[in-house]
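Asker: If you want the building blocks of each chain, they are given just below.
Number of protein chains: 2
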Amino acid sequence: MTTRNVWRLAHRPVGDIADGDLVYGSEPLPDIAEGQFSLRLTYLSLDPTNRIWMSDQEQYMPPVDVGAAMRGGVCGRVVESRKPGVNPGDLFAGLGEWADVMVTDGTGLSRLPEIPGVPLAAAFGTLGLVGPTAYFGLLDIGQPQPGETLVVSAAAGGVGQIVGQIGKIKGCRVIGIAGGKAKCDYVTGELGFDACIDYKSQDVGAALDRLAPDGIDINFEQVGGDIMVAVLQRMKTFGRMPLCGLISSYNATTASEPPGYWTMMLMRRLTVRGFIVTDFAPRFAESGQALLGWMLDGRLKTRQDVRPGLDNAARLVRELYTGGNFGKLLVEVTPP
Amino acid sequence: MTTRNVWRLAHRPVGDIADGDLVYGSEPLPDIAEGQFSLRLTYLSLDPTNRIWMSDQEQYMPPVDVGAAMRGGVCGRVVESRKPGVNPGDLFAGLGEWADVMVTDGTGLSRLPEIPGVPLAAAFGTLGLVGPTAYFGLLDIGQPQPGETLVVSAAAGGVGQIVGQIGKIKGCRVIGIAGGKAKCDYVTGELGFDACIDYKSQDVGAALDRLAPDGIDINFEQVGGDIMVAVLQRMKTFGRMPLCGLISSYNATTASEPPGYWTMMLMRRLTVRGFIVTDFAPRFAESGQALLGWMLDGRLKTRQDVRPGLDNAARLVRELYTGGNFGKLLVEVTPP
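Chains A and B are the protein sequences, given in the same order. The first sequence begins at 1 in the UniProt record's numbering and counts up one residue at a time. The second sequence begins at 1 in the UniProt record's numbering and counts up one residue at a time.
Please note: incorrect hints may appear among the correct ones.
[What the hints assert, rightly or not] So, partial list: chain B residues that the calculated Cβ filter (under 8 Å) puts toward chain A:
1. A68
2. L95
3. L266
4. M267
5. T271
6. V272
7. G274
8. L292
9. R315
[Said to hold, decoys possible] Stretch by stretch, here's where chain B covers chain A in the computed footprint (C-beta under 8 Å, at least three residues):
10. 70-77
11. 125-133
12. 273-287
13. 299-308
It is worth saying that the hints were derived from the structure and are not from the lab. Just so we're clear, the structure is a prediction, and the values are computed from it rather than from any experiment. Virtual Cβ for every residue (Gly too), placed ideally from N, Cα, C.
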């Protein structure tokens, strides 16, 4: 193995990601230095935050440099190792590159356990970054109490499907918001959400008035824009809003954002807290154990939307912003 | 004693409080029923939130009805009692009426201890509602850590002066924002704040850039508007904003508010939490003990701005919105 395929950021996108913003090509495989190993990717995770990393807006970690390999969530197996304790075949997951093979010293990666009976796509697509995102955002910030009403936007997406099920485990009434009947049927029929609003065919505010006439205790926010406003306006006193993402604005070319609801936040004593899953990295063992336990006892189901071919990644990532994915979007780089 | 003087809300103000919105007059003293007592007010506390109660906007307790006695923070002594355990001369404080005498069953009131060496104005003006507001807002929501930078707006006001001193006790670097040199000199010279920005003569943003070049960890927000925006834009990652008040907007006739900083809240993982002191009522014993301890050991000084004459209350309350008060604004209803 002397070459690899990799996506590099050629231009920072303006608005929607365009053809040519990311370029795919074959390159010589870097040498594996002492303390490094090579990893053949099984899955590449495509996530809304990818678009943030492509930009140079204010963000929570350095943007990807123009010319650099695109950053992404990855899992894969070691091919060749010059790092003590790391052996061919070992399974790792974490932050890596949009590539079929990457050479790394292990920074940003950790071992992913092999779980009997759980396919690798489900393990990576749940226990990777989306599960901890849902777990800490909902439990630490949302502080769900039995009988409370929880609203989850992007309900059929990677994080949303887990948030809603943890909400049910904690005794909440869970209302999802998703695009289209199939996604809504899935989160209510398969995942046990109490209700789901199809934002493509329904007025979200009117539906919330009907489904949650007494208001909303927790808004797990992933979307921003008009949907966020509709939920926010219906928050109860002492409501909490874990602010996980604002996907509706990631491709925006203007700085337009929903207005400030400062007076309402004061009068209703709301809590709004932004977070990024890596803020909770020291507690990933806790979330992993809980999530895995719920998976194994059947209380946490997750759906992966697995698409083949690393060469499709730049096209596939755009589907996140139009709701084209159904479940956690993964690219199968190498058959597991 | 068969009559009392009382301020009633005649009209809901539009914009600034106008002459005639509150009317002052003499009325027959209500009968004291079984379980009630009469209280002669010593001090009436004037607070920014009074303007909220005069309006019918969304708020955190019912507005004052048109025609009803104006609500206010009060302290006073029992004159006549038909309530077991309550005796003439007993000292109470809490929520009451803008009146020289009120008849009450004690709802919303609690006993105010007599503290040797501490004048009643200081005890009421510190341990009443402003001290607990500062204490819980800063400690529970702000979570100050040694070495962090705390910004306090309305720094020379009732709450602000206490927030800054608790911040110093907790090891923070404290920057006040106040209107005019006298107030700034007071909070730095007398109260030990590290710096104070005079918003009437200085560009707040530029001053913050100079005084806090690495950014702000905690913004204890009382003002809103442009000053809030200047502070918010300079918050550090993981910054906290106890949202205590938005006085700059209370007289506004339009719904204009500072814009939403949703993306910034997400990227910097800010926490914004609105609160009202009464949310913490079950813990008032804790705050009272801590505040009194700091007062007695000289670490907490407070300034009261005491003005004589209940008949001046409707004029005096307006000074809060133009920065006319210097310290906690109290009306002396009866000499202590």
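Asker: Now tell me, hint by hint, if it's right for this structure.
Answerer: Here is how each hint holds up against the structure:
Among the interface hints, the one on A68 of chain B is violated; its C-beta lies about 20 Å from the nearest C-beta in chain A, farther than the 8 Å criterion. Because the beta carbon of L95 of chain B sits about 17 Å from the nearest beta carbon in chain A, more than 8 Å, this interface hint is broken. Annotation: L266 of chain B was flagged as interfacial toward chain A, and the flag holds, the nearest CB pair being 4 Å apart, inside 8 Å. Here the hint on M267 of chain B is kept, as its CB sits about 5 Å from the closest CB of chain A, short of 8 Å.
Against a cut-off of 8 Å between C-beta atoms, the interface hint on T271 of chain B holds, since the closest Cβ of chain A lies about 4 Å away. Checking V272 of chain B against chain A: minimum C-beta separation of about 5 Å stays under 8 Å; hint holds. Hint status for G274 of chain B: holds, given a least beta-carbon distance of 4 Å to chain A, under 8 Å. The beta carbon of L292 of chain B comes no nearer than 26 Å to any beta carbon in chain A, farther than 8 Å, and the hint placing it at the interface is violated.
Contact between R315 of chain B and chain A, as hinted, is not supported at the beta carbon level, the nearest pair being about 26 Å apart and thus beyond 8 Å. With 0 residues having a beta carbon nearer than 8 Å to a beta carbon of chain B, the region 70-77 of chain A misses the requirement of three or more and the stated coverage is violated. With 0 residues bearing a CB less than 8 Å from a CB of chain B, the region 125-133 of chain A misses the requirement of three and the coverage assertion fails. With 5 residues carrying a beta carbon less than 8 Å from a beta carbon of chain B, the region 273-287 of chain A meets the three-residue requirement, and the given coverage holds.
Counting residues of the region 299-308 of chain A whose C-beta lies closer than 8 Å to any C-beta of chain B gives 0; at least three are required, and the coverage claim is violated.
Comparing the model with each numbered hint stated earlier shows that hints 1, 2, 8, 9, 10, 11 and 13 do not hold.
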